[in-house]
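Given these sequences and hints, build the entire structure.
These protein sequence lines map, in sequence, to chains A and B. Letter by letter, the first sequence follows residues 1 to 168 in the UniProt record's numbering. Letter by letter, the second sequence follows residues 1 to 281 in the UniProt record's numbering.
Just so you know, these hints were derived from the structure itself, not from any lab. For every residue, glycine included, the Cβ atom is placed at its ideal position computed from N, Cα and C. Be a bit skeptical, because a hint or two may be false.
Ranges between beta-carbon positions, derived for each pair [to be verified]:
1. A:R57 to B:D190: 27 to 37 angstroms
2. B:P131 to A:T62: 15 to 25 angstroms
3. A:G3 to B:D214: 30 to 40 angstroms
4. A:T62 to B:E44: 17 to 27 angstroms
5. A:G46 to B:P131: 20 to 30 angstroms
6. B:E123 to A:D30: 36 to 46 angstroms
7. A:E45 to B:K167: 35 to 45 angstroms
8. B:P131 to A:E36: 16 to 26 angstroms
9. B:Q242 to A:T62: 35 to 45 angstroms
10. A:R157 to B:Y199: 41 to 51 angstroms
Only pairs whose alpha carbons sit at most 16 angstroms apart, straight line, appear in this in silico EDC-like list of lysine to aspartate or glutamate [stated by the list, open to error]:
11. A:K7 to B:E136
12. B:K148 to B:E161
13. B:K167 to A:D63
14. B:K76 to B:D88
15. B:K203 to A:E108
16. A:K7 to B:E140
17. A:K70 to A:E38
18. A:K70 to B:E28
19. B:K106 to B:D151
20. B:K167 to B:D251
21. B:K76 to B:E57
22. A:K142 to A:E153
23. B:K187 to B:E120
24. A:K7 to A:E31
25. B:K76 to B:E54
26. A:K7 to B:D214
27. B:K167 to B:D214
28. A:K72 to A:D85
Incomplete in silico selection of chain B near chain A, CB under 7 angstroms [as the list claims (entries may be wrong)]:
29. A42
30. G129
31. P131
32. T134
33. L135
34. N171
35. Y172
36. V175
37. Q208
38. M213
39. E216
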Amino acid sequence: MAGASLKRLMAEYKQLTLNPPEGIIAGPLDEDNFFEWEALIAGPEGTIFDGGVFPARLIFPTDYPLNPPKMKFTCDLFHPNIYPDGRVCISILHTPGDDPTGYESSSERWSPVQSVEKILLSVVSMLAEPNDESAANVDAAKCWREDKSRFLECAQRSVRKSLGIPDL
Amino acid sequence: MEGDKTLATSASTKAVEEESLAALNMDEAILSQRRGIEEQIASEQQYLVSSTRELSELERDYQHHGEFSARIQELKLIYGCLRRTRADGNCFYRAFGFSVFEALRKNKAAYQAFRKSITEAKEYLVIIGYPTFTLEDFYENFIEELDKVCDGEGCPISQLEELFNDKGMSNYLVVFLRLITSSQLQKEQDFFINFIDGYSTVKEFCSQEIEPMDKESDHVQMNALTSATGVCMRVFCMERGQYSTVTFPSDGKPIIHLLYRPGHFDILYPSADATADSPTL
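Here it is as structure tokens:
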């Protein structure tokens, strides 16, 4: 089982290294274990997370790419689609039928033709455009909907913290 | 005043966190239950595609359902033996893949035609914007295995059994058969949209029901995969009150035969060739 997964993960890593998408760096933490990656995601330009660099972990199942990896930010990120413990909750990380927050049936799901790059690009658009319909962090969703200025403040704090700048 | 507000906020944050956590635990619980079911099926059915079995074995499946024994007698008039496939939601694709590889390994012309049609199906997906990088991974793997099976004199049946029972390899082949099915459905979407329930577009149906692993198949999938590949397939449908056979396309000469019982597909071999190592189909 792991043979095909390993081959695919190595190919994806090579591809991501040769043609890195803007604002994304990703690769295995240790080249002896291709099933655990670290990713650094830059907050998309011109959005509330602009300027931040957010680290995350990706854990791949042994039957990848039949099933999607799990992804978790290892920094504080106050966002409607990120659980308070850092786990990312977007539709592409779930196969149809695995429905924690009731995505629309038209939302993009995991299938074996998706890739790490596709996931990371979806995460970048999630940072740019929070989706408060399928909230993983209800407080953040509420804040995003009802109190944009507090949300902006929290986002700015996340950005500064990700850069190691102390709170003002 | 200020203090109360902070307290209230932190209490509501806590409630919210608990809510998120509960959702997370629910999610985990569902996944773990599904894993449990998968493990149970895998422990009862150690094969993905079994060795050839006697049809009388089916009688054991229906000890308490007398009406099925008449169906089994009818089946025995036409067929000699079967291979079971694991009931994991991929049984149609796995049964199709195994029997097609088996039929093609001794038939050079059909092998070349099949190879050409799956390449075209893949190219159609490229045209409609599927990611080439991952698509090519499944395509190249499929072609490589197909060539190994069909080149020269054709591989021994034991090699084919080994290939389809290696979970990683076998599932990679299933993924590509799912993609071919999706390609055909989208190419002929004006036709297939009439047979799809619950989805507003064929594309949506494909991304929810065809491309992800473990999603079961029915008439639409059978129609699409056989027409994409040009493989003629006969399906013996065994239901409580009656049996019927369906051939795709209806005027073709079948080179593979499947047994359909509601929700599940196995592989059948016509009786004249039942005892041979490689049934001439």
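Status of each hint after checking the structure:
The given range of 27 to 37 angstroms is broken by R57 (chain A) and D190 (chain B), whose C-beta atoms sit roughly 45 angstroms from each other. The hinted window of 15 to 25 angstroms between P131 (chain B) and T62 (chain A) holds, with their beta carbons roughly 23 angstroms apart. In this structure, G3 (chain A) and D214 (chain B) break the distance hint of 30 to 40 angstroms, their C-beta atoms being roughly 20 angstroms apart. At about 22 angstroms, the CB distance of T62 (chain A) to E44 (chain B) agrees with the hint of 17 to 27 angstroms.
Restraint check, G46 (chain A) to P131 (chain B): a C-beta distance of roughly 27 angstroms satisfies the suggested window 20 to 30 angstroms. E123 (chain B) and D30 (chain A) have their C-beta atoms about 38 angstroms apart, which keeps the hinted 36 to 46 angstroms range intact. At about 44 angstroms, the beta-carbon gap between E45 (chain A) and K167 (chain B) stays in the expected band of 35 to 45 angstroms. Range check, P131 (chain B) to E36 (chain A): about 23 angstroms between beta-carbon atoms, so the 16 to 26 angstroms window is met.
The beta-carbon spacing between Q242 (chain B) and T62 (chain A), approximately 44 angstroms, falls within the hinted interval of 35 to 45 angstroms. The hinted window of 41 to 51 angstroms between R157 (chain A) and Y199 (chain B) holds, with their beta carbons roughly 42 angstroms apart. For the given pair, K7 (chain A) sits about 13 angstroms from E136 (chain B) by alpha-carbon distance, which is consistent with the 16 angstroms threshold. For a cut-off of 16 angstroms, the pair hint linking K148 (chain B) to E161 (chain B) stands: about 13 angstroms separates their Cα positions.
Distance restraint check for K167 (chain B) and D63 (chain A): the Cα-Cα separation of roughly 9 angstroms lies within the 16 angstroms cut-off, and the hinted pair is therefore satisfied. For the proposed pair K76 (chain B) and D88 (chain B), the alpha carbon gap of about 26 angstroms is over 16 angstroms, so the pair is violated. As the CA atoms of K203 (chain B) and E108 (chain A) are separated by approximately 11 angstroms, the hinted pair is consistent with the 16 angstroms bound. Proximity of K7 (chain A) to E140 (chain B) is assessed by CA-CA distance (about 13 angstroms); at most 16 angstroms being required, the pair is judged to hold.
For the given pair, K70 (chain A) sits about 12 angstroms from E38 (chain A) by alpha-carbon distance, which is consistent with the 16 angstroms threshold. In summary, the hint linking K70 (chain A) to E28 (chain B) is supported, as the alpha carbons are separated by about 12 angstroms, within the 16 angstroms threshold. Simply put, K106 (chain B) and D151 (chain B) have alpha-carbon atoms about 9 angstroms apart, close enough for the 16 angstroms limit, and the pair holds. With a CA separation close to 35 angstroms, the supplied pair K167 (chain B) and D251 (chain B) exceeds the 16 angstroms bound.
Distance check on the hinted pair: K76 (chain B) and E57 (chain B) sit about 11 angstroms apart at the alpha-carbon level, within 16 angstroms; holds. This hinted pair checks out: K142 (chain A) and E153 (chain A) have alpha carbons roughly 14 angstroms apart, not beyond 16 angstroms. About 11 angstroms separates the Cα atoms of K187 (chain B) and E120 (chain B), which keeps this hinted pair within 16 angstroms; it holds. Distance hint between K7 (chain A) and E31 (chain A) is fulfilled; the C-alpha atoms sit about 13 angstroms from each other, no more than 16 angstroms.
For the suggested pair K76 (chain B) and E54 (chain B), the alpha carbons sit about 10 angstroms apart, so the restraint of at most 16 angstroms is met. A hinted pair counts as satisfied when its Cα atoms are at most 16 angstroms apart, and K7 (chain A) with D214 (chain B) does not qualify at roughly 22 angstroms. Between K167 (chain B) and D214 (chain B) the alpha-carbon distance is near 13 angstroms, which keeps this suggested pair within the 16 angstroms criterion. Taking the CA atoms of K72 (chain A) and D85 (chain A), the gap is near 8 angstroms; set against the 16 angstroms cutoff, the hint holds.
Interface hint at A42 (chain B): violated, since its Cβ lies 12 angstroms from the closest Cβ of chain A, which is beyond the 7 angstroms cut-off. Taking 7 angstroms as the C-beta cut-off, the interface hint given for G129 (chain B) is violated, the closest approach to chain A being about 11 angstroms. Taking 7 angstroms as the C-beta cut-off, the interface hint given for P131 (chain B) holds, the closest approach to chain A being about 6 angstroms. Below 7 angstroms, beta-carbon pairs count as interface contacts, and T134 (chain B) has one with chain A at about 5 angstroms; its hint therefore holds.
Restraint check, L135 (chain B) versus chain A: the minimum CB separation of about 6 angstroms is within 7 angstroms; hint holds. Proximity of N171 (chain B) to chain A holds as hinted, the smallest CB-CB distance being about 6 angstroms (cut-off 7 angstroms). Residue-level restraint check for Y172 (chain B) holds (minimum Cβ-Cβ distance to chain A is 6 angstroms; threshold 7 angstroms). For V175 (chain B), the interface hint holds, the least distance from its beta-carbon to any beta-carbon of chain A being 5 angstroms, beneath 7 angstroms.
The criterion of a C-beta within 7 angstroms of any C-beta in chain A is met by Q208 (chain B), whose closest approach is roughly 4 angstroms, and the hint holds. For M213 (chain B), the interface hint holds, since its Cβ comes within 7 angstroms of a Cβ in chain A; the closest pair sits about 5 angstroms apart. Contact between E216 (chain B) and chain A, as hinted, is not supported at the beta carbon level, the nearest pair being about 11 angstroms apart and thus beyond 7 angstroms.
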